[in-house]
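With the hints as extra help, turn the sequences into a complete structure.
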Amino acid sequence: MWSLEEIAQHVNGEVIGDDTWQVEGVATLKTAEKRHISFLANSKYTKYLSSTKAGAVIISKKMLSAIAGNAIVVDDPYIAYAMVAGLLNPEPDSEAMTALTAVISPKSKIAANANIGHHVVIGDNVFIGPNAVIGAGTVIEQGVSIGKNARISPNVTICSHVKIGDNIIIHPGVVIGADGFGIANNKGKWIKVPQLGSVEIGDDVEIGANTTIDCGALENTIIGNGVKLDNQIQIAHNDIIGDNTVIAGCVGIAGSTEIGQNCIIGGGVGISGHLNIADGVMITGMTMVTKSIKEPGSYSSGIPADTTSQWHKNVVRYRQLGKLSERVKKLERGN
Amino acid sequence: MWSLEEIAQHVNGEVIGDDTWQVEGVATLKTAEKRHISFLANSKYTKYLSSTKAGAVIISKKMLSAIAGNAIVVDDPYIAYAMVAGLLNPEPDSEAMTALTAVISPKSKIAANANIGHHVVIGDNVFIGPNAVIGAGTVIEQGVSIGKNARISPNVTICSHVKIGDNIIIHPGVVIGADGFGIANNKGKWIKVPQLGSVEIGDDVEIGANTTIDCGALENTIIGNGVKLDNQIQIAHNDIIGDNTVIAGCVGIAGSTEIGQNCIIGGGVGISGHLNIADGVMITGMTMVTKSIKEPGSYSSGIPADTTSQWHKNVVRYRQLGKLSERVKKLERGN
Amino acid sequence: MWSLEEIAQHVNGEVIGDDTWQVEGVATLKTAEKRHISFLANSKYTKYLSSTKAGAVIISKKMLSAIAGNAIVVDDPYIAYAMVAGLLNPEPDSEAMTALTAVISPKSKIAANANIGHHVVIGDNVFIGPNAVIGAGTVIEQGVSIGKNARISPNVTICSHVKIGDNIIIHPGVVIGADGFGIANNKGKWIKVPQLGSVEIGDDVEIGANTTIDCGALENTIIGNGVKLDNQIQIAHNDIIGDNTVIAGCVGIAGSTEIGQNCIIGGGVGISGHLNIADGVMITGMTMVTKSIKEPGSYSSGIPADTTSQWHKNVVRYRQLGKLSERVKKLERGN
Chain Z
1 MWSLEEIAQH VNGEVIGDDT WQVEGVATLK TAEKRHISFL ANSKYTKYLS
51 STKAGAVIIS KKMLSAIAGN AIVVDDPYIA YAMVAGLLNP EPDSEAMTAL
101 TAVISPKSKI AANANIGHHV VIGDNVFIGP NAVIGAGTVI EQGVSIGKNA
151 RISPNVTICS HVKIGDNIII HPGVVIGADG FGIANNKGKW IKVPQLGSVE
201 IGDDVEIGAN TTIDCGALEN TIIGNGVKLD NQIQIAHNDI IGDNTVIAGC
251 VGIAGSTEIG QNCIIGGGVG ISGHLNIADG VMITGMTMVT KSIKEPGSYS
301 SGIPADTTSQ WHKNVVRYRQ LGKLSERVKK LERGN
Chain A
1 MWSLEEIAQH VNGEVIGDDT WQVEGVATLK TAEKRHISFL ANSKYTKYLS
51 STKAGAVIIS KKMLSAIAGN AIVVDDPYIA YAMVAGLLNP EPDSEAMTAL
101 TAVISPKSKI AANANIGHHV VIGDNVFIGP NAVIGAGTVI EQGVSIGKNA
151 RISPNVTICS HVKIGDNIII HPGVVIGADG FGIANNKGKW IKVPQLGSVE
201 IGDDVEIGAN TTIDCGALEN TIIGNGVKLD NQIQIAHNDI IGDNTVIAGC
251 VGIAGSTEIG QNCIIGGGVG ISGHLNIADG VMITGMTMVT KSIKEPGSYS
301 SGIPADTTSQ WHKNVVRYRQ LGKLSERVKK LERGN
Chain C
1 MWSLEEIAQH VNGEVIGDDT WQVEGVATLK TAEKRHISFL ANSKYTKYLS
51 STKAGAVIIS KKMLSAIAGN AIVVDDPYIA YAMVAGLLNP EPDSEAMTAL
101 TAVISPKSKI AANANIGHHV VIGDNVFIGP NAVIGAGTVI EQGVSIGKNA
151 RISPNVTICS HVKIGDNIII HPGVVIGADG FGIANNKGKW IKVPQLGSVE
201 IGDDVEIGAN TTIDCGALEN TIIGNGVKLD NQIQIAHNDI IGDNTVIAGC
251 VGIAGSTEIG QNCIIGGGVG ISGHLNIADG VMITGMTMVT KSIKEPGSYS
301 SGIPADTTSQ WHKNVVRYRQ LGKLSERVKK LERGN
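Chain order of the listed sequences is Z, A and C.
The first sequence begins at 1 in my numbering and counts up one residue at a time.
The second sequence begins at 1 in my numbering and counts up one residue at a time.
The third sequence begins at 1 in my numbering and counts up one residue at a time.
Everything labelled a hint here was simulated from the structure, so no lab data went into it.
Just so it is clear, the structure is predicted and the values come from calculations on it, not from any experiment.
You can take every hint at face value.
One copy or two, it doesn't matter: identical chains are merged, so the pair holds either way.
Here are the simulated DSS-like cross-link-like pairs (lysine-lysine), alpha carbons at most 30 Å apart as the crow flies:
#: 1; residue 1: K313; residue 2: K330
#: 2; residue 1: K30; residue 2: K61
#: 3; residue 1: K323; residue 2: K291
#: 4; residue 1: K44; residue 2: K30
#: 5; residue 1: K62; residue 2: K192
#: 6; residue 1: K163; residue 2: K187
#: 7; residue 1: K62; residue 2: K30
#: 8; residue 1: K47; residue 2: K294
#: 9; residue 1: K313; residue 2: K323
#: 10; residue 1: K109; residue 2: K163
Okay, here's the thing in structure tokens:
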């Protein structure tokens with residue numbers, strides 16, 4: 001239980017109302033009860049303000065007049081909500097423990113206070129820093145190095161020689177450091193190009209479920225500090241993702257592409273290989289990127305849904321654009 | 001071995017020919033032998049009717065004249081085929097068994113007749129109903145509840161507190177209840193928004209290989225009764241999928257979107273976050289959905305393949321649409 | 001250490017300079033040191049030729065004048081690089097070993113020199129040929145057959161009765177032979193169509209991380225010899241992929257589609273079900289294929305990224321194509 005005064009201090013906000021009010025958890029405006037604190041971060045939900053049962057609401061100054069009860073006024077209610085949710089729901093301390101069924105090479109150095117789940121397999125010459133949690137069934141191959149405070153979920157695979165910084169969060173099913181897709185056509189038969197590089201991942205990175213990050217062909221694939229990756233993303237060999245770039249689900253990035261810092265890439269985007277994307281680029285969902293982007297700004301492609309009958313008509317017209325252009329040219333020539 | 005009479009009874013059909021004929025299995029018209037029953041459900045395959053060696057064919061009334069041998073006449077041959085295939089190939093009874101290598105918390109309640117595979121890990125306070133089969137290497141975290149008749153494949157991960165109804169089928173590599181992609185930008189640095197909700201899944205749901213369903217941020221992500229999900233689908237935090245909706249492979253749905261009941265969503269579709277899709281909506285493959293859909297019906301987008309040289313020309317013309325429109329305007333003004 | 005003479009012999013090339021020069025490894029022009037051999041396969045990197053510290057460079061005849069040091073002249077430097085990388089970095093011999101924690105049915109036949117990792121589970125009546133390496137946590141269900149020289153990574157799932165040829169490489173998280181997405185709508189309720197086929201995979205196939213290949217409904221899904229699949233590809237039931245076809249990441253192919261031999265399919269492509277794609281077809285990234293392709297050649301669709309403001313304008317104009325066409329028709333009619 002935390003008082004509104006304590007919470008306000010944590011988020012650098014100001015209490016309006018009873019600053020001794022005790023809060024137990026966070027909830028949405030619609031579902032909150034008296035023991036909850038709620039928040040208004042998206043104007044779409046303003047309609048729930050008048051009827052919410054929340055004991056207090058985190059809100060911006062300009063919306064303050066819309067509520068009657070306790071409030072904490074902040075500059076950015078979404079940030080404040082994120083911070084309060086963390087305050088009220090701390091990660092449970094993990095117990096120092098190694099499951100009896102885990103198999104750990106005696107040539108590896110695992111911090112004494114790590115929590116190693118059942119059936120984990122850790123190969124030779126692995127280094128894992130303090131406070132690590134490694135979920136059941138996860139496999140970490142030889143030569144991998146992982147910094148402090150790692151939270152690695154079950155059924156993850158980290159291939160040989162991957163280097164990972166501090167505070168990594170890896171969700172289930174992730175594969176890091178598998179061979180890149182390197183093939184060469186030798187008189188009609190594909191031969192494998194050995195994938196000799198690895199993957200380097202910085203600090204404060206989060207990687208979503210079933211995402212894959214391939215090792216490099218000769219040099220390393222690189223994921224910068226503070227990068228956040230959603231689920232089912234494919235990052236190919238020798239890609240470089242700049243610091244603090246965030247990528248939503250189902251994005252595929254072909255090999256040897258370099259993405260700048262502080263980029264925001266929407267879901268389902270596809271990016272060709274050997275491109276450079278500048279710092280500060282935003283790309284909206286399902287965009288097809290086939291050329292380098294040199295300037296910061298927002299980029300898009302794709303045609304949103306119509307009814308299927310309208311879609312059919314538009315596709316036909318699209319394919320007749322050449323003829324339409326000819327007809328206009330003819331009119332311009334005056335006959 | 002089943003007689004045509006028994007089979008006809010099972011599918012509510014009528015035998016034409018020898019109703020004592022014994023059937024051993026189901027096969028396609030092209031590959032069937034005398035011991036097989038086959039079916040005609042797609043007119044594309046009518047050409048194989050005359051040469052099939054099948055001992056009997058499931059067929060609609062209007063196609064009956066096209067065959068000489070034994071037949072079972074039904075209203076919908078595809079449904080009847082599905083039912084007969086199930087009748088002739090029943091799921092083998094699973095033996096009540098717990099592999100010695102499985103690790104199950106003594107604080108969990110697992111039905112006595114469950115079949116628990118090797119290296120399965122089940123955390124504290126898990127409930128699993130009768131007749132469950134849990135494949136090798138699957139990890140079920142604390143607080144998960146699963147109804148009766150579950151068929152869960154190997155190498156699945158079900159995260160803490162997920163609730164699942166009866167008759168679930170989960171294929172390998174599926175991840176349910178991993179953290180949603182919640183981040184907030186605090187002066188240039190991304191901070192994690194704790195993901196405190198879970199996932200609720202109804203009865204009669206099937207989930208394809210390597211599909212991921214994230215937990216909710218505050219409330220739960222919800223998958224309705226009778227929902228069928230193909231492989232490699234990404235369902236984000238706080239999505240709601242209505243009863244009996246089916247979704248084909250490689251679909252990505254961003255967070256807080258609500259899909260109605262009885263929808264059919266084609267492969268590779270992308271749907272933005274915070275949308276509402278009405279009941280009875282069909283969306284064709286690879287469509288990009290960026291706005292809510294309020295009426296039932298069929299929706300589409302995307303331009304199908306051309307030759308690469310034609311594609312290049314059309315893209316150029318597409319990008320000159322503004323100029324073309326100007327030229328037409330000029331002609332309309334009469335100069 | 002290999003001499004340039006030995007290397008040149010291996011790639012059928014000619015040494016220019018000191019043919020006794022000893023080489024230890026392969027590196028890019030930019031990062032190579034004296035002990036490395038490098039290569040120029042992409043004209044984009046010609047700029048690094050003058051400053052490279054590589055002890056030797058693999059190069060084509062026409063670029064030879066651009067370098068001063070040792071060289072090996074070949075017809076195709078990329079192929080030669082792949083071969084030299086393989087020569088200098090041979091796969092380590094795997095030790096014949098079965099981890100104590102692996103669970104292998106006594107009814108299975110595993111070659112005596114196989115290397116079976118920790119927590120591997122192998123069901124009844126499995127056959128695995130000589131020199132296999134099976135990674136930790138991998139599950140191989142009953143009746144599976146795998147030829148010689150298999151390299152299977154950790155956390156892979158191979159479902160019952162899948163047949164695999166020689167020299168397979170399977171990366172982590174791959175699922176082969178899970179149920180296809182077969183459902184039939186029986187008066188508003190979806191019933192499962194039993195998936196009774198399996199998967200057949202030829203020789204010399206490589207399958208990328210988290211790729212899924214479903215079993216067939218009645219007949220088998222088939223992957224030909226020499227097929228190379230990248231990560232996160234979805235291959236549905238009863239697809240047939242012809243020999244030596246290569247498919248890049250994130251491609252989805254719906255059911256019962258047949259792809260010819262020697263095709264090259266770019267990343268993120270979607271292909272509808274029940275189609276035929278001819279031999280020798282190339283499809284560029286993110287293309288949407290909804291009809292069969294009968295002629296070899298290159299095919300494409302999709303509109304590449306613009307700035308978001310330009311994109312908005314173009315989408316509006318696209319949707320007004322019908323009106324624009326009407327306006328042109330009116331002008332043609334002369335009023």
